[in-house]
Amino acid sequence: MFTVYILYSHKFNQIYIGYTSDLPNRFLSHNELATKGHTIKYRPWVIAYTEEYQSKTEAIKRENYLKSTQGRKFARDIIREKFDSPDG
Numbered sequence: 001m002f003t004v005y006i007l008y009s010h011k012f013n014q015i016y017i018g019y020t021s022d023l024p025n026r027f028l029s030h031n032e033l034a035t036k037g038h039t040i041k042y043r044p045w046v047i048a049y050t051e052e053y054q055s056k057t058e059a060i061k062r063e064n065y066l067k068s069t070q071g072r073k074f075a076r077d078i079i080r081e082k083f084d085s086p087d088g
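With the first letter of the sequence shown counted as 1, position 25 gets the number 25 in the UniProt record's numbering; the numbers rise by one all the way through.
No wet-lab data here; the hints were simulated from the structure.
Any given hint might turn out to be false.
[What the hints assert, rightly or not] Label pairs and their calculated CB-CB ranges:
#1 Thr50 <-> Gln70: 14 to 22 Å
#2 Lys41 <-> Lys67: 12 to 20 Å
#3 Thr57 <-> Asp84: 31 to 39 Å
#4 Lys82 <-> Glu52: 16 to 24 Å
[What the hints assert, rightly or not] Below, in silico cross-link-like pairs of lysine-lysine (DSBU-like), each with a Cα-Cα straight-line distance of 30 Å or less:
#5 Lys82 <-> Lys11
#6 Lys73 <-> Lys41
#7 Lys36 <-> Lys82
#8 Lys41 <-> Lys61
#9 Lys41 <-> Lys56
#10 Lys36 <-> Lys11
#11 Lys36 <-> Lys67
#12 Lys56 <-> Lys36
#13 Lys82 <-> Lys67
#14 Lys73 <-> Lys36
#15 Lys82 <-> Lys61
All of these numbers come straight from a predicted model, not from anything done at the bench.
Ideal Cβ positions, reconstructed from N, Cα and C, are used throughout, including at glycine.
Throw the hints in and build the complete structure from the sequences for me.
Written as structure tokens, this is what we have:
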């Protein structure tokens, strides 16, 4: 199983989109363990949204869509609904 996820940093009003086969450990890495990379600058993160896929190929396809202009709009709409972010 592969999980496509959207993380949200309320403190910085940032989103991050990724996929993994181990969401609990990947989330821990984003929030605590990683020492380099984009997400360390915007901690803390919360999991705003997830989708499950059977194959890595399907997960990558969905991740790529969510990183497109239309996909980011979808992500921001979820953030606004879930966290009432005024400027999403």
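Hints, verified against the model:
For Thr50 and Gln70, the Cβ-Cβ distance of about 19 Å falls inside the hinted range of 14 to 22 Å, so the restraint holds. Range check, Lys41 to Lys67: about 18 Å between beta-carbon atoms, so the 12 to 20 Å window is met. At about 35 Å, the beta-carbon gap between Thr57 and Asp84 stays in the expected band of 31 to 39 Å. Range check, Lys82 to Glu52: Cβ separation about 18 Å, and the 16 to 24 Å hint holds.
Of the supplied pair hints, the one linking Lys82 and Lys11 holds, its CA atoms being roughly 15 Å apart against a limit of 30 Å. Restraint check for Lys73 and Lys41: the C-alpha separation of about 22 Å stays at or below 30 Å, so the hint holds. In summary, the hint linking Lys36 to Lys82 is supported, as the alpha carbons are separated by about 28 Å, within the 30 Å threshold. Simply put, Lys41 and Lys61 have alpha-carbon atoms about 26 Å apart, close enough for the 30 Å limit, and the pair holds.
Of the supplied pair hints, the one linking Lys41 and Lys56 holds, its CA atoms being roughly 27 Å apart against a limit of 30 Å. Straight-line distance between C-alpha atoms of Lys36 and Lys11 comes to about 19 Å, which keeps the hinted pair within the 30 Å bound. Taking the CA atoms of Lys36 and Lys67, the gap is about 21 Å. The hint holds against a cut of 30 Å. Our distance criterion of 30 Å between C-alpha atoms is met by Lys56 and Lys36, whose separation comes to about 24 Å.
For the given pair, Lys82 sits about 19 Å from Lys67 by alpha-carbon distance, which is consistent with the 30 Å threshold. At most 30 Å may separate the alpha-carbon atoms for a hinted pair to count; Lys73 and Lys36 meet this at roughly 27 Å. Under the criterion of a C-alpha separation no larger than 30 Å, the hint pairing Lys82 with Lys61 is consistent with the structure, at around 24 Å.
Violated hints: none; the structure is consistent with every hint.
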